[in-house]
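A.B. asks: Got chain A; can you put chain B on it based on the hints?
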Amino acid sequence: MTSLLAQWNYFLVIILMMLGFYAVIARGNMVKKMIGLNIFQTSVFMLYISMGKVSNGTAPILTGDSSTVYSNPLPHVLILTAIVVGVATTAVGYALIIRIQESFNTIEDDEIIELMDDDEAASEGRAS
Amino acid sequence: MMHHLPILQVIVPLLAAPLIALLRGREIAWLATFIVTGVTFVISLLLYYQVSESGARLVYDLGGWAAPLGIVYVIDAASALVLPIVTGIGFVVTLAARHLVTAEIDQRDHALFFTAWLLTIAGMLGQVTTGDAFNIFVFLEISSLSAYALVAMGAGRDRRALPAAFNYLILGTVGATFYVIGLGLLYMLTGTLNLDDLAVRLADIEQTRAAYMAMAFIALGLFLKMALFPLHFWLVPAYSFAPSAVAALMAATATKVSVYVLVRLMFGVFGIGFVGISEGLGTVLLTLGIIGAFVGTLAAIIETDLKKLFAQSSIAQLGYMAIGIGIMTPAGLAAAFIHLFNHALMKGALFLAIGVIGAQTGRATMRTIEGAGRQIPMTMTAILFGGLALIGVPLTAGFISKLYLIRALLESDFWVLAGLTFVSSALALAYVWKIVEAAWLKPRPEGAPDLYETPMMWLPAWLLVIATIGFGIFASPLINGAVQAAAVFFGGQS
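Those protein sequences? They're chains A and B, same order as listed.
Number 195 marks the last residue of the first sequence (the numbering used here); no jumps.
Number 1759 marks the last residue of the second sequence (the numbering used here); no jumps.
Okay, chain A solo, but in the shape it has when bound:
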C-alpha cells in the first residue's frame, strides 16, 4: 500500500491523461478538443518532470560542494522543448479553429460534417 502511495505522481499523471484524452475523443466542440489535447500533453510533461526528481536532491545548480545531491535536469530540459512544441501546436490549432469559424460559422464537429456533406453534394452537382 505504501509503495502505491509513494507513486502518487503516476496516478496523477494517469488521471490527467485520461481526462484529456477523453475530452479529445468525446467532445464535438473544437475548442474543447484543443483544451483536452493540452491537458493530455501536460500530463506527459508531468510524467517527465516527476521522474527527474531525486530523493533529497536539490535544484541542479553546481555549488562546488561534491556531497550535494542534484535532481536530474535532463527531463526538465526535454520538457522545455516539448512545451515549446505544445505551444506551437496549440497556436496552429486555434488558428485553424478561427478559420473554420469564419468559413463554416460553427466549430461543432457534427455540424461541420453535415456542411461538408452538403459541399460534397454541391460539387457533385456541379460536375455532372
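Calculated from the structure, these hints are not laboratory results.
Hints are not guaranteed to be accurate.
[Unchecked claim] Under 10 Å between C-beta atoms, here's a sample of chain A residues computed to sit facing chain B:
hint: 1; residue: LEU71
hint: 2; residue: LEU114
hint: 3; residue: TYR115
hint: 4; residue: LEU141
hint: 5; residue: LEU145
hint: 6; residue: THR148
hint: 7; residue: VAL152
hint: 8; residue: ILE167
hint: 9; residue: SER170
[To be verified] Pulled a few chain B residues facing chain A out of the computed Cβ check, cut under 10 Å:
hint: 10; residue: TYR1413
hint: 11; residue: ALA1430
hint: 12; residue: ASN1432
hint: 13; residue: LEU1434
hint: 14; residue: LEU1450
hint: 15; residue: GLY1456
hint: 16; residue: LEU1458
hint: 17; residue: PRO1502
hint: 18; residue: THR1630
[What the hints assert, rightly or not] Reference listing, derived: stretches of chain B covered by chain A, where coverage requires no fewer than 3 residues with Cβ under 8 Å from a Cβ of chain A:
hint: 19; segment: 1398–1412
hint: 20; segment: 1415–1428
Where is the CB? At the ideal position from N, CA and C, for every residue including glycine.
C.D. replies: Quick look at chain B alone, frame taken from chain A:
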C-alpha cells in the same frame, strides 16, 4: 566539407526556410526553394555514395560532443537509402510546384507556403538522420506542424481543407504524444536517449511490463503517424483537400518516414530478441497490414475522386509495408524497404499527374477525366503507368516490390498471407481499369472544359514514372541497398 554532410542535410533546408519567408517575390521564392531542394538532393546522394562505398556508418557529433552525452547524427545503410527518396521526391515535386502553386495558392502566400514546405522536408530529413530518440520527436513535430499548415492552405479552393487539417492536427499530436510517453518510460528504464545506447542498455535490463508499455506506446504513436489501418482516418481527407503539390509531397514521403522511424525504433532499439517485438509486434503488423490492404483497395475501387482514390490506395500500400516489417525476417524487412522506395516514386508520379488536372478543374473526378486521354495524353499516360506499378505489373518497380514481399512471405511459410497479398494487389486492377475506361474509352462529354498540358506540367510526373520503370527493369542497385538496410537491423542474426 564532406565530413559535415550529415548535419548539412538537415540544416540547409531548416535555415533556408525562414529566409525564404522574407522573399516577397513569387518567382524568387520558388526558385530559392528549388535550389535548396536540389542541394539537399545532391547531399543525400553524396551521403548514399559515401555509405555504400565504405560500408561503414557515418557518425556526426553535434558540437563535438560524442554520444551518449551529446546528440549524434547517424547515417547508415538504412538512413542513406531513405534520405534520397525524401530529397529526390522533394526536388521533383518542387519542380512541379511552380505551376501547381501558381494555380492553387494565393500569390501573397507563396513565400510562406514555401517556408512551410521546406520546414516539412527538413523535419522529415531530421527524423531520418538523427541518432537521438527525443530529436526524432522534435523533428516529427517540425514536419507535422508545417504539414498541418500546408494542408490548410487548400482552403483557398475548398473550405473542407480546414477541418481536414484540424483533424490531422489532433490525431497527429496524439500520435506524437504517445511516442513521447513511450520514450519517457524508456528513459526511466535506461537513463539514455541515444538510440545505440538505448539498444545496448535495453538488452541488459529485465524485460518488464514497463518496457512492453514503452514499446506499445511508441509503436501506437507511429502507427498513427504512418496511417496504418485502423488509424488512417486522418489521411484521406488531409490528402484530398490539400493543395495538389502538398498532396504529392506528403503522399510520397511523410508516411514513409514514419515507417522508417518505426523500423528504427522497433528493430534498432528494442531489437528482434525483445519478446514484445518477436511475439507481439509481428502478429499485429501482419494482421493490420493485410486488413488495411483489402480495406484500402476496396475503398479505392468505389471512390470517384482521384485524389481520394489514390489516398485510399496508399492505405493499402502501407499495409504491404507493414506486412513486410511484420514478417520479422531480413528478407521481409528488405521487401518493406523496397516497397517504401518504389511506392514513393509511384505515388509521387500519380499525385503530380492528378495535380495537372486538379489545377485546371478544381477537382479531379472520374467525370472530369472522361475522354481526357486524348486531350492530355502525357498526363493520363503517367497516371496509367503509376496505376500499373501499383498493381505490380512486370517491368514496373511495383512488380519488384510485390515479388520480394511474396517471396519473403513464402520463405517464412505464410502461405495464406502470400495468397491474400496477391489477391489484394490484383484487385487494384479494378480501380486502374476504371480510370482507363473513363479517360480513353469514353468520349469527352459535351460542354466539358478543355484540358491542356505543357511539357513543364507533365515533366515532373514523367521523371518519377521513368524512375518507376527504371527501377523496375534495373532493380539490382535498389535491392542491394534494401538488403543492406535490412541487414543493419539484423546484424546479429543474418
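A.B. asks: Okay, which hints does this one fail, numbers in order?
C.D. replies: Of the numbered hints, just 1 does not hold.
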